[in-house]
Structures are given as C-alpha cells and as structure tokens.
Amino acid sequence: MKKLAIITVTVFLSIKAASADPDNDSLIINDDIQLVTETAAPIHLENLDTIYSGWRFRTDETQALQVDDFDNPAMVFVDKAIDLFNTIDGIEGKACVSCHESVAQFRGLSAIMPKVIDGELVVLESFINDHRDQVMGAEPWKWSGEKMQSMVALIGLQSRGMPVNVKIDGEARPYWEQGKEMYYTRFGQLQLSCANCHEDNYGKMIRADHLSQGHANGFPTYRLKQAKLISRHNRFRGCIRDTRAETFAEGSDEFKALELYLASRSIGLTVETPAVRQ
Amino acid sequence: MQTPKINLITFFFVSAIIGVATATFADIHPGDIIYNDGAVKQSLSGKAGDIESGAEIMNKGAGNCIACHQVTALSHLPFHGEIGPSLDGTADRWSEAELRGIVANAKIWFPETIMPAFYKTTGFIRLGDAYTGKAHEGNVEPLLTAQQIEDVVAFLMTLKEE
Numbered sequence: 004m005k006k007l008a009i010i011t012v013t014v015f016l017s018i019k020a021a022s023a024d025p026d027n028d029s030l031i032i033n034d035d036i037q038l039v040t041e042t043a044a045p046i047h048l049e050n051l052d053t054i055y056s057g058w059r060f061r062t063d064e065t066q067a068l069q070v071d072d073f074d075n076p077a078m079v080f081v082d083k084a085i086d087l088f089n090t091i092d093g094i095e096g097k098a099c100v101s102c103h104e105s106v107a108q109f110r111g112l113s114a115i116m117p118k119v120i121d122g123e124l125v126v127l128e129s130f131i132n133d134h135r136d137q138v139m140g141a142e143p144w145k146w147s148g149e150k151m152q153s154m155v156a157l158i159g160l161q162s163r164g165m166p167v168n169v170k171i172d173g174e175a176r177p178y179w180e181q182g183k184e185m186y187y188t189r190f191g192q193l194q195l196s197c198a199n200c201h202e203d204n205y206g207k208m209i210r211a212d213h214l215s216q217g218h219a220n221g222f223p224t225y226r227l228k229q230a231k232l233i234s235r236h237n238r239f240r241g242c243i244r245d246t247r248a249e250t251f252a253e254g255s256d257e258f259k260a261l262e263l264y265l266a267s268r269s270i271g272l273t274v275e276t277p278a279v280r281q
Numbered sequence: 139m140q141t142p143k144i145n146l147i148t149f150f151f152v153s154a155i156i157g158v159a160t161a162t163f164a165d166i167h168p169g170d171i172i173y174n175d176g177a178v179k180q181s182l183s184g185k186a187g188d189i190e191s192g193a194e195i196m197n198k199g200a201g202n203c204i205a206c207h208q209v210t211a212l213s214h215l216p217f218h219g220e221i222g223p224s225l226d227g228t229a230d231r232w233s234e235a236e237l238r239g240i241v242a243n244a245k246i247w248f249p250e251t252i253m254p255a256f257y258k259t260t261g262f263i264r265l266g267d268a269y270t271g272k273a274h275e276g277n278v279e280p281l282l283t284a285q286q287i288e289d290v291v292a293f294l295m296t297l298k299e300e
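From first to last, the protein sequence lines stand for chains A and Y.
Reminder that position 117 of the first sequence reads as 120 in this note's numbering, one-by-one numbering, no gaps.
Reminder that position 155 of the second sequence reads as 293 in this note's numbering, one-by-one numbering, no gaps.
Calculated from the structure, these hints are not laboratory results.
The C-beta atom is built at its ideal place from N, Cα and C for all residues, glycine as well.
Each hint should be verified, as a subset may be incorrect.
What the hints assert, rightly or not - In silico DSSO-like links for lysine-lysine, alpha-carbon gap of 27 Å or less:
{"no.": "1", "chain 1": "Y", "residue 1": "K198", "chain 2": "A", "residue 2": "K183"}
{"no.": "2", "chain 1": "A", "residue 1": "K207", "chain 2": "Y", "residue 2": "K245"}
{"no.": "3", "chain 1": "Y", "residue 1": "K298", "chain 2": "A", "residue 2": "K207"}
{"no.": "4", "chain 1": "Y", "residue 1": "K198", "chain 2": "A", "residue 2": "K145"}
{"no.": "5", "chain 1": "Y", "residue 1": "K272", "chain 2": "A", "residue 2": "K228"}
{"no.": "6", "chain 1": "Y", "residue 1": "K272", "chain 2": "A", "residue 2": "K231"}
{"no.": "7", "chain 1": "A", "residue 1": "K207", "chain 2": "Y", "residue 2": "K198"}
Said to hold, decoys possible - Not close to chain A: a few residues of chain Y, all C-beta gaps over 12 Å, as computed:
{"no.": "8", "residue": "I166"}
{"no.": "9", "residue": "Y173"}
{"no.": "10", "residue": "K179"}
{"no.": "11", "residue": "Q180"}
{"no.": "12", "residue": "E220"}
{"no.": "13", "residue": "G227"}
{"no.": "14", "residue": "D230"}
{"no.": "15", "residue": "W232"}
{"no.": "16", "residue": "G261"}
{"no.": "17", "residue": "D267"}
{"no.": "18", "residue": "P280"}
Excised from the complex, chain A in its bound form:
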C-alpha cells in the first residue's frame, strides 16, 4: 500500500508541476510560538511519509490571519470563553474557576485528547459537559454551539505549540481501530472515504478547493466561509454529508472514535487551536 502510494506520488510529481503541493511557509505565531507544520508521519500511518498542517495548504491571505492573535478572528470567542470560565452557572453556584484556579492549568490537555477515562473514550466536549452536569449542576452546552466551542478553543489554546500526542494503545486501541475503519470506509452515493481525498489526493485542487491532509489539530477552527468557530464533529458531519451519505450525529461514539484516529494521524504536529481556515 505504501509502495503504491509512493509510486502514485512520484508519477504525479513527474507529470504535474509542484504548484499543488503544500507551500514552504513556516508558522510562527505572535513572533514567538513556532508551530510544527511539517514532520515525519507517525509510524502507524502506513500510507504517508510526511504530514503537513492544513495551514500549509491555505492562501497567504488566510495564513496571515493565524500568524498574529490580534488578527485571528477566533480570539473573540476565546475572550468570551474567559468570561464563561469565570461565570457562575447551575444550581451548585459554581463557575469553572471555583475549582480550576486558572485555565492555564489545562496546558497539555488538548494535546492528549481524546483519551479513555474509566473505560470510556472522552473528547473535550463531553468532558466539559460532564463537569457542567456533575459538578456545577448546569445545563449541558450544545455540542457545536458558540459557548461550547469557545471553551474548547480556550482550553485548546493552552496547549498551542505542544505536539499532538494521543494514546492509541491499551484501552484506546479498539476505539482507534473503529476510527481507522471509518477513515477508510467509502460512504454514500459518491462512495468517498476520508482517505480518498485527504490521503490519496492531498495537495491537489478539487474544483476551487485545495485538498489538505485533513488534520484536526487546529480545531475548533474559525472558518471564514461560516464566520464562526467550527467543531471537529461539525466538520466530520459536513464531509460525510457531502458524500451523499447518512451522516453520524455530533457527539456520537462513531465521531469520537474518528476524532481519536484523526488525532493519531497528527502525532508530531503541534496543537494550532484556534486555527483559521477558508
């Protein structure tokens, strides 16, 4: 499979000029935080040699929005999440800050999520809602709603620049296998798998879109097209819907497993949250 992929890539490169490849820009945020946007693929990723951040496939204009936090439109939502972190909600009369002194103590968390906790695969959204329910006695937030994704972005920001390093062995293994199988399943009437576009054809144009490798290390991502923060599961839902398939629900076990598998494909890239995309 790997050999075939290499041959395909070689043939492709020899026919086509390198115009479609990821560009050579490097990403340093606020003149300070150097992000890894290109590195050797993790060993379990048998069909790719090098992994690239989605940032490398975007136009200069879009890239620029992520280089300085003053220009990053996602930061408005990060600020809102700081307020939410300090706001009492629920019947227990608690805010996040009542137990967690500072959001900075979550540094590193997003780099190792999703994670199996007490035998169950947990992603950040379910972690947050569990705390809201069990500790604060507060209503759960909607998965892809502004409050939830702002909080996921704020917590993710604490790990920005740290390498993605999810665990895929031990208890995580069956979830990882499930996610991997989904990644290679050709869904819908168009019979497209994630791999068809993001592994076999990254770097090429599909109509007006420049296909990336589909890493999720910048999520929640501010998507210019939708002018808001987009959750990972919302993006998964959109992709599967666009194969003319019956999609899965946000927060479903299937999408959690896919999220773990996708994170494992990004091992070695750095957390970019909150990224900006087209």
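With chain A held as given, fit chain Y onto it using these hints.
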C-alpha cells in the same frame, strides 16, 4: 360471468405488453447494464447524446466532471480540478463504449478509483438523501439519468487531439 372477466384481464395484460414493446425505447436500468471489460456498447437511453447538454453537465449538478478533470475545451469555466486525468484527447484514447462504461461506473474498470459511479443504484454504505445528511428512503435514482450519461459521452467524443 367468469369468462368476460378473464378476457378483460388478458386484454389489459396483452395491451401492457404491446404498450412496452411499442413505446419509445425505455432506459436501461443501472442494474441491467452489461459491461464488457468495463465498456458498454448500447446507448443507455436508446437515443443519441446531446453534445451541448453534455458540456453543461460537465460543469454542474451531479455531473460536475471538471471538479476533478481538466478540459481545455471548457477553459472558459473556472476551477478545473486536478484529481483525475486531463480529458483532452480522451476520444483518441477511448472508444464510445469504453467512455460510456467509465462514466456509468468507472469502478468496473478501475476498482480503486475515486471517481463516483454515475449510473448505479445499489451497493452504497449509509446512502443518504442527496446532500441532506439524512438517510435515503424509497427508490434510488442514479446520479445522472440515462440520457445525461449519453450527453456526457457525446461531449467526451468531441475531445480529439489527432
């Protein structure tokens, strides 16, 4: 009383058969296509393809062929994709029957291809109701009609370089 009733049924039955036989050629159902090494000899609609309509399907709707392929003859249209090969000179390389087979279901010839099958109604995983994300219910329509396949093939047959 029994006899006329049977006659009546027979009458409808026979008329129905005659009706089918004399009606204009019905489309070949996706399930009934005979692929010969991936090629399909017979027109799916029984009619000739319309080149102009084919050119339009190349650019929009469920066709949208240039999302993945480059076609110099359509260079007035923006954003040709790079996923599939250029279709310039495709009629020099493939016969009409081969092009029909590839457009209808390229996976017969190229099992691993990313190219969707445009005239196929079974064998899908979690088939949805178009782009709604909801499950599909009822009869499945192929991505393109028999006539649309013929139109696209007719257009492709104009792409000659020699």
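Here is what the structure says about each hint:
no.: 1; hint: Y:K198 / A:K183; in the structure: violated, 33 Å
no.: 2; hint: A:K207 / Y:K245; in the structure: holds, 21 Å
no.: 3; hint: Y:K298 / A:K207; in the structure: holds, 26 Å
no.: 4; hint: Y:K198 / A:K145; in the structure: violated, 36 Å
no.: 5; hint: Y:K272 / A:K228; in the structure: holds, 23 Å
no.: 6; hint: Y:K272 / A:K231; in the structure: holds, 24 Å
no.: 7; hint: A:K207 / Y:K198; in the structure: holds, 20 Å
no.: 8; hint: I166; in the structure: holds, 19 Å
no.: 9; hint: Y173; in the structure: holds, 17 Å
no.: 10; hint: K179; in the structure: holds, 25 Å
no.: 11; hint: Q180; in the structure: holds, 24 Å
no.: 12; hint: E220; in the structure: violated, 4 Å
no.: 13; hint: G227; in the structure: holds, 15 Å
no.: 14; hint: D230; in the structure: holds, 18 Å
no.: 15; hint: W232; in the structure: holds, 19 Å
no.: 16; hint: G261; in the structure: violated, 8 Å
no.: 17; hint: D267; in the structure: violated, 8 Å
no.: 18; hint: P280; in the structure: violated, 9 Å
Figure legend: structure checked against the earlier numbered hints; hints not met, in rising order: 1, 4, 12, 16, 17 and 18.
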